[in-house]
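Asks: Heads up: the protein sequence lines correspond to chains U and S, in order.
Per our numbering, numbering of the first sequence is gapless, rising by one per residue and ending at 151.
Per our numbering, numbering of the second sequence is gapless, rising by one per residue and ending at 562.
Hint data in this document are derived by calculation from the structure and do not stem from the laboratory.
Heads up, the beta-carbon is just placed ideally off N, CA and C, and yes, glycines get one too.
Some hints could be false.
[Unchecked claim] Stretch by stretch, here's where chain U covers chain S in the computed footprint (C-beta under 8 Å, at least three residues): (1) 341-352; (2) 512-519.
[What the hints assert, rightly or not] Derived CB-CB ranges, DEER-like: (3) S:Gln528 to U:Arg99: 35 to 41 Å; (4) U:Glu104 to S:Leu308: 57 to 63 Å; (5) U:Thr98 to S:Asp290: 36 to 42 Å; (6) U:Gln76 to S:Glu173: 22 to 28 Å; (7) U:His94 to S:Gly496: 24 to 30 Å; (8) U:Glu104 to S:Asp290: 30 to 36 Å; (9) S:Gln347 to U:Thr98: 55 to 61 Å.
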Amino acid sequence: MSDLVDLYQEMVLDHNNRPRNFQKLEDASNTADGYNPLCGDQITVYLKVEDGVIADVGFQGVGCAISKSSASMMTQSVKGKSVEEAEALFHEFHAMVTREPGTEFENSGLGELEVLSGVCAFPNRIKCASLAWHTLTASLNDSQGGHASTE
Amino acid sequence: MTSNKPFDVEAVRKDFPILSREVQGKPLVYLDNAATSQKPQSVIDKLVSYYSEINANVHRGVHTLSQEATDEYEGARSKVRKLINAKEDAEIIFTRGTTEGINLVAQTLGVQRVGEGDEVIISNMEHHSNVVPWQVLCDQIGAHLRVVPINDDGELLMDEYEKMITPRTKLVSIVHLSNALGTINPVKDIVAIAHQHGVPVLLDGAQSAPHLTVDVQDLDCDFYAFSGHKLYGPTGIGILYGKREVLESMSVYQTGGEQIKSVTFEKTIYNDLPYKFEAGTPNIAGAIGLGAAVDYINAIGLDRAEAYESELLQYGTEQLQTIEGLKLIGTAQHKSGVLSFLLEGIHPHDIGTVLDTQGIAIRTGHHCTQPLMQRFQIPATARASLAFYNTKAEIDALVEGIHKTFEVFSL
Chain U
1 MSDLVDLYQE MVLDHNNRPR NFQKLEDASN TADGYNPLCG DQITVYLKVE
51 DGVIADVGFQ GVGCAISKSS ASMMTQSVKG KSVEEAEALF HEFHAMVTRE
101 PGTEFENSGL GELEVLSGVC AFPNRIKCAS LAWHTLTASL NDSQGGHAST
151 E
Chain S
152 MTSNKPFDVE AVRKDFPILS REVQGKPLVY LDNAATSQKP QSVIDKLVSY
202 YSEINANVHR GVHTLSQEAT DEYEGARSKV RKLINAKEDA EIIFTRGTTE
252 GINLVAQTLG VQRVGEGDEV IISNMEHHSN VVPWQVLCDQ IGAHLRVVPI
302 NDDGELLMDE YEKMITPRTK LVSIVHLSNA LGTINPVKDI VAIAHQHGVP
352 VLLDGAQSAP HLTVDVQDLD CDFYAFSGHK LYGPTGIGIL YGKREVLESM
402 SVYQTGGEQI KSVTFEKTIY NDLPYKFEAG TPNIAGAIGL GAAVDYINAI
452 GLDRAEAYES ELLQYGTEQL QTIEGLKLIG TAQHKSGVLS FLLEGIHPHD
502 IGTVLDTQGI AIRTGHHCTQ PLMQRFQIPA TARASLAFYN TKAEIDALVE
552 GIHKTFEVFS L
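With the hints as constraints, model all of the structure from the sequences given.
Replies: Right, here's the structure in full:
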């Protein structure tokens, strides 16, 4: 039960119910679609990259509470960051959600994203948490419209 | 047990060792039977005794083990034949499962019958395994897939089906019991209508074989495909029933050992039915295990199990309908064993995760029926699917788990 409370923390539920930056950016410079074929979660990430900095970010899509809240928090945490900083953040986030359950991790700047640390105890939900980030990476790599898949 | 005694679910549960295990510190509540069923001890024992006592290849040895293995393997075929009341053992082909059975028909009779511009009819509630093989066939040939629509309760629109059949229709392939909705389709009518136009019909029996009494002669279907693992048997074994005259008219599927009579470099003469369609060393243990599963079902009585499951479904439906914010998907008049549902504001995957922490195993997702999800404009459902070893107490645990889910998600 405590794992469950860890997973669905209040902030996760809040982002699920009121996702931030939940919009299409009409003037996006980069976009990508992400898809988790296992459970059907779908997401589109829109970026406005200016001089190597993510000036604006938005997302749309359907998914579970974990994927939706993770996407919402992702947009908040990368907005205003350089592309390199955003990529570093993804690596750190990925390490956190894929670590051995019960082990500590070094939180050097994940901030609010830490509320998803409980995902590591639910191996079949890790892909839900990382979908938005994979899609972010795909959109950074392909300004013509990229695709990310968790499979 | 005799058939006038009430169905003793507690005794039946003791036959399934897995049902006594715990999950996450709670007694397992296994409600994912449409995905795969659990196995009785007698099936597990049969696999062990096959490998530890009579393991040998079938149909070729003169030695004792080979004879014993062949007898058991062919004995299993007879048991399956009786279960679905086919005319003869030769009409029972061992496959890997329902999927392989459908692919076999698509790539033999399908290729022979369907020409450019012709049509194959399926329905909106098919499993991907009864969509994709026909799609592939149609792409190869330049034919078209026609889809029988359904109503909001998840029932086929039979009028539309009748209108859809034209001289262009060369095959019909329809699910008997929907895995995602629980709808029991009027397959006898479906077959009769197709036959009026001389069109053969395949029935996907993956869900119906374990839960309904099936008589393929009464249904008059040309093919009936199902899987062993949903019928309390092992994985990797399945059955394709086909009428003799249709099977005989069909070209071969996979070729190689076992399915031939004689081979020279100039010419091969194929074996008789059913071996013509069983190339290579078969899944002997799987077939024998399936035979043991059929024995088990006969011992408890499929008709009594069916009546009990139907009582359980009714109880489950009533209980779920009392929950505010829950919507059932699949409310057909004729249903069996499946409770697919949505909870307001909560994604099915989150429901699945919360229930798992309560020891309750359900399936969440599209259930390999993406076109059906598109029809209902939903990404997924949560699905509890029943078997005769489930209890009302387990339905109560599900209901409690759903309330718990709402609690976790209340802000």
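Asks: Evaluate each hint against the coordinates.
Replies: Verification of the hints:
no., hint, in the structure
1, 341-352, "violated (count 0)"
2, 512-519, "holds (count 3)"
3, S:Gln528 to U:Arg99: 35 to 41 Å, "holds, 38 Å"
4, U:Glu104 to S:Leu308: 57 to 63 Å, "holds, 58 Å"
5, U:Thr98 to S:Asp290: 36 to 42 Å, "holds, 39 Å"
6, U:Gln76 to S:Glu173: 22 to 28 Å, "violated, 40 Å"
7, U:His94 to S:Gly496: 24 to 30 Å, "holds, 29 Å"
8, U:Glu104 to S:Asp290: 30 to 36 Å, "violated, 53 Å"
9, S:Gln347 to U:Thr98: 55 to 61 Å, "holds, 59 Å"
Violated hints, listed in ascending order, are 1, 6, 8; each of the other numbered hints is respected by the structure.
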